[in-house]
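Construct the entire structure; sequences and hints are all you get.
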Amino acid sequence: MNPNNIITLTTDFGTTDIFVGVMKGVILSINPDAKIIDITHDIEPQDIYAGAFLLNSAYSYFPPGTIHVGVIDPGVGSVRRAIAVATEQYYFVAPDNGLLSYVLCKEIVKSAVNLTNPKYFLPQVSNTFHGRDIFAPVAAHISRGVSLNLLGEQITNIAQIPISIPDASETEIIGQIIYIDRFGNLITNVSHELFESARKKRNFIIFVKDRQMRRICLAYAEVSAGELLGIFSSFGNLEIAINAGNAAEILKVKRGDAIKIRFQGVIK
Amino acid sequence: MNPNNIITLTTDFGTTDIFVGVMKGVILSINPDAKIIDITHDIEPQDIYAGAFLLNSAYSYFPPGTIHVGVIDPGVGSVRRAIAVATEQYYFVAPDNGLLSYVLCKEIVKSAVNLTNPKYFLPQVSNTFHGRDIFAPVAAHISRGVSLNLLGEQITNIAQIPISIPDASETEIIGQIIYIDRFGNLITNVSHELFESARKKRNFIIFVKDRQMRRICLAYAEVSAGELLGIFSSFGNLEIAINAGNAAEILKVKRGDAIKIRFQGVIK
Amino acid sequence: MNPNNIITLTTDFGTTDIFVGVMKGVILSINPDAKIIDITHDIEPQDIYAGAFLLNSAYSYFPPGTIHVGVIDPGVGSVRRAIAVATEQYYFVAPDNGLLSYVLCKEIVKSAVNLTNPKYFLPQVSNTFHGRDIFAPVAAHISRGVSLNLLGEQITNIAQIPISIPDASETEIIGQIIYIDRFGNLITNVSHELFESARKKRNFIIFVKDRQMRRICLAYAEVSAGELLGIFSSFGNLEIAINAGNAAEILKVKRGDAIKIRFQGVIK
Numbered sequence: 005m006n007p008n009n010i011i012t013l014t015t016d017f018g019t020t021d022i023f024v025g026v027m028k029g030v031i032l033s034i035n036p037d038a039k040i041i042d043i044t045h046d047i048e049p050q051d052i053y054a055g056a057f058l059l060n061s062a063y064s065y066f067p068p069g070t071i072h073v074g075v076i077d078p079g080v081g082s083v084r085r086a087i088a089v090a091t092e093q094y095y096f097v098a099p100d101n102g103l104l105s106y107v108l109c110k111e112i113v114k115s116a117v118n119l120t121n122p123k124y125f126l127p128q129v130s131n132t133f134h135g136r137d138i139f140a141p142v143a144a145h146i147s148r149g150v151s152l153n154l155l156g157e158q159i160t161n162i163a164q165i166p167i168s169i170p171d172a173s174e175t176e177i178i179g180q181i182i183y184i185d186r187f188g189n190l191i192t193n194v195s196h197e198l199f200e201s202a203r204k205k206r207n208f209i210i211f212v213k214d215r216q217m218r219r220i221c222l223a224y225a226e227v228s229a230g231e232l233l234g235i236f237s238s239f240g241n242l243e244i245a246i247n248a249g250n251a252a253e254i255l256k257v258k259r260g261d262a263i264k265i266r267f268q269g270v271i272k
Numbered sequence: 005m006n007p008n009n010i011i012t013l014t015t016d017f018g019t020t021d022i023f024v025g026v027m028k029g030v031i032l033s034i035n036p037d038a039k040i041i042d043i044t045h046d047i048e049p050q051d052i053y054a055g056a057f058l059l060n061s062a063y064s065y066f067p068p069g070t071i072h073v074g075v076i077d078p079g080v081g082s083v084r085r086a087i088a089v090a091t092e093q094y095y096f097v098a099p100d101n102g103l104l105s106y107v108l109c110k111e112i113v114k115s116a117v118n119l120t121n122p123k124y125f126l127p128q129v130s131n132t133f134h135g136r137d138i139f140a141p142v143a144a145h146i147s148r149g150v151s152l153n154l155l156g157e158q159i160t161n162i163a164q165i166p167i168s169i170p171d172a173s174e175t176e177i178i179g180q181i182i183y184i185d186r187f188g189n190l191i192t193n194v195s196h197e198l199f200e201s202a203r204k205k206r207n208f209i210i211f212v213k214d215r216q217m218r219r220i221c222l223a224y225a226e227v228s229a230g231e232l233l234g235i236f237s238s239f240g241n242l243e244i245a246i247n248a249g250n251a252a253e254i255l256k257v258k259r260g261d262a263i264k265i266r267f268q269g270v271i272k
Numbered sequence: 005m006n007p008n009n010i011i012t013l014t015t016d017f018g019t020t021d022i023f024v025g026v027m028k029g030v031i032l033s034i035n036p037d038a039k040i041i042d043i044t045h046d047i048e049p050q051d052i053y054a055g056a057f058l059l060n061s062a063y064s065y066f067p068p069g070t071i072h073v074g075v076i077d078p079g080v081g082s083v084r085r086a087i088a089v090a091t092e093q094y095y096f097v098a099p100d101n102g103l104l105s106y107v108l109c110k111e112i113v114k115s116a117v118n119l120t121n122p123k124y125f126l127p128q129v130s131n132t133f134h135g136r137d138i139f140a141p142v143a144a145h146i147s148r149g150v151s152l153n154l155l156g157e158q159i160t161n162i163a164q165i166p167i168s169i170p171d172a173s174e175t176e177i178i179g180q181i182i183y184i185d186r187f188g189n190l191i192t193n194v195s196h197e198l199f200e201s202a203r204k205k206r207n208f209i210i211f212v213k214d215r216q217m218r219r220i221c222l223a224y225a226e227v228s229a230g231e232l233l234g235i236f237s238s239f240g241n242l243e244i245a246i247n248a249g250n251a252a253e254i255l256k257v258k259r260g261d262a263i264k265i266r267f268q269g270v271i272k
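Protein chains in written order, with this note's numbering: chain D, 5 to 272; chain H, 5 to 272; chain X, 5 to 272.
What the hints contain is simulated information worked out from the structure, not anything from laboratory work.
Possibly wrong hints are sitting among the right ones.
In this list, chains with the same sequence are indistinguishable; a pair is considered to hold if it fits within one copy or across any two.
Mimicking DSBU-like on lysine-lysine, the simulated pairs with C-alpha atoms at most 35 Å apart in a straight line are [stated by the list, open to error]:
#, residue 1, residue 2
1, Lys110, Lys258
2, Lys114, Lys256
3, Lys123, Lys205
4, Lys110, Lys123
5, Lys256, Lys110
6, Lys204, Lys123
None of the values given here were measured: they were computed from a predicted structure.
Here it is in structure tokens:
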């Protein structure tokens, strides 16, 4: 795989401060032809879990060779490593704190290095802003074709955060809300595949808080405004939404809350 | 008109989630040379009216051939059409739900098509995220020179939302607040031309809620901080503002509220 | 110095409205090869002071020749001048209201002009949006190589806002919180150099509100979550932070509040 000039940024830096702009300045100082794309900078400060989920949901829509930079970095300046990973199709540059946990469930690692070669950092490395001092310059150098081997020594273990897996039995699936989007839609960890394979064409009831649903829609507009619906979302998983409303607010749901799907009737 | 590589995005997706980043990944996967410019992503969720107003206020500042993508799409996954429109100078790609209503008051349509050819979509089209699956790839293909005729069949009717027109008599204009900007400035639907032609050089009083103004300023700084003023805004229409203050909050005004201009004295 | 194609934008326009998108359209209409980078648009409306601080904190990370546009412009449409400044390495385009105060403490001015030549503006100049009508087109023309001399007459005086300088004696430094970032970290005006030169290797106590600290950390993670720390920040100055917490909220501190560092013991 050849790197291309596209570098994406996923951070919790917000856009109120200059952190993101500074990272872009550093990248362009090294590779003026870089094309920098923001995935999001509005992850809740230090929420590695949300960062891991969102990076995973976005990265594969970019062209092969894209360099994905993730910086949610509560341990900046401590002993946590900074790493770069090459997979079949992409590069990832991030702190080694679990931010790549979801991605590396899907991607096969071809090369992973501990970023220790200061030649590819800014001349002065602070203890507080490795986005600027390490991750941005390393990504820019990769986009210019620098091999991962030059950036540091190979590693074989990469930090993982616990990823919640739904619990499926003959009669039910117990899942979890793993992300809430801007519209208040509740994204669960129940994939379309798991749902269909456990359901075996039976009827079902979805329980969220004190509410129940007995069918899954193909589009928000299938129900009236204000009505609750289940839908297989653009993230690929079961999503609970309220047409033209904010499900998280109305149902008072937060990330980590359970969702239950109970199957009924005869297996077909 | 030849398309150029500039693609603008106007959506209600926000920047907290990854929706916009994913659209950009899809575009760059089809046309790596695309230059993607955000107009705004912070339109209130599903507010087609604001989207129509803002798209109209921005599009004409871009170079001829620019492809403008608008996605405020409460009906995604329902029967509403997805369309592409070519005018003398621009392309527009959007759901057919009225989002182009203001633009098409000014632009002359040269070609308009119902986007039905899946060859120009992503291979899998969801029911919830046509921004990614239809609008982004179609815009990218247009930017590479694909003719509208290949994208679907010609249409002649395009959805319209009702657009409020001021009511002007010999003695007064009754207008409406049609947009409130980030500074709390109140943008009305009273254009400079209408105002001058109805006024006929007479004196006037502008009524907003329980407040009155008897002159129109050329600059915010003409009045003291905290004072109310009328001004012909950068949007081209009469704007009610408070110098160094938030008129919407202080006057407790919301979109749709009336504004009255009463003319006095002798027509000159 | 040759201009390059990179133009940065630092404004208080927010991203909810279309102001920034429109500026980008204007720039690309003049120079389609411009690379436009957002530093931030979320400066508090009309907060020249924060704009000056942030612009200064970001500009030097960009490649030589970069054109930095700043628009925090409460006096738009009044008599305040619009200016362009060339320094050894950069260009700055801004209203002449003090927005360049911090930058010009560091940069040596090679040329500064009052922007008076309408040939390089949009054909119609409003009284409310010089970002679109003057600053964007002037920056685009500079990026195409137009000399500052063509843009207007040379000036020698540039507006300055008062910049708070810490007060250092034999026994203490009285400084100020000059910026609060998105994480609630408190950036002071006490530079690392001043601190060390006044400290003369003595012990010290830092006072902020009713709290005290007796050491300065190298990384946030040196203290437990919730604990207060002093650190020399990525902005280069002493920063007061709470690990994994919001210092501004918890300490109820606002910009302009004092910070005191008292030195103790024998000078070494």
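Do the hints match the structure? See the list:
Taking identical chains as interchangeable, the C-alpha atoms of Lys110 and Lys258 lie at most 35 Å apart only when both belong to the same chain, with a minimum of 26 Å there against 46 Å between chains. Proximity of Lys114 to Lys256 under the C-alpha cut-off of 35 Å is found in neither arrangement, the shortest distances being 43 Å within a copy and 49 Å between copies. Taking the shortest alpha-carbon separations for Lys123 and Lys205, only the inter-copy value of 32 Å comes in at or below 35 Å, while the best intra-copy value is 59 Å. Taking identical chains as interchangeable, the C-alpha atoms of Lys110 and Lys123 lie at most 35 Å apart whether they share a chain (31 Å) or sit on different chains (27 Å).
Proximity of Lys256 and Lys110 under a CA criterion of 35 Å is satisfied intra-copy only: 32 Å inside one chain copy versus 45 Å between copies. For the homomeric pair Lys204 and Lys123, the shortest alpha-carbon distance between copies (33 Å) is at most 35 Å, but the shortest distance inside one copy (57 Å) is not.
Checked against the numbered hints listed earlier, the structure breaks hint 2 alone; every other hint is satisfied.
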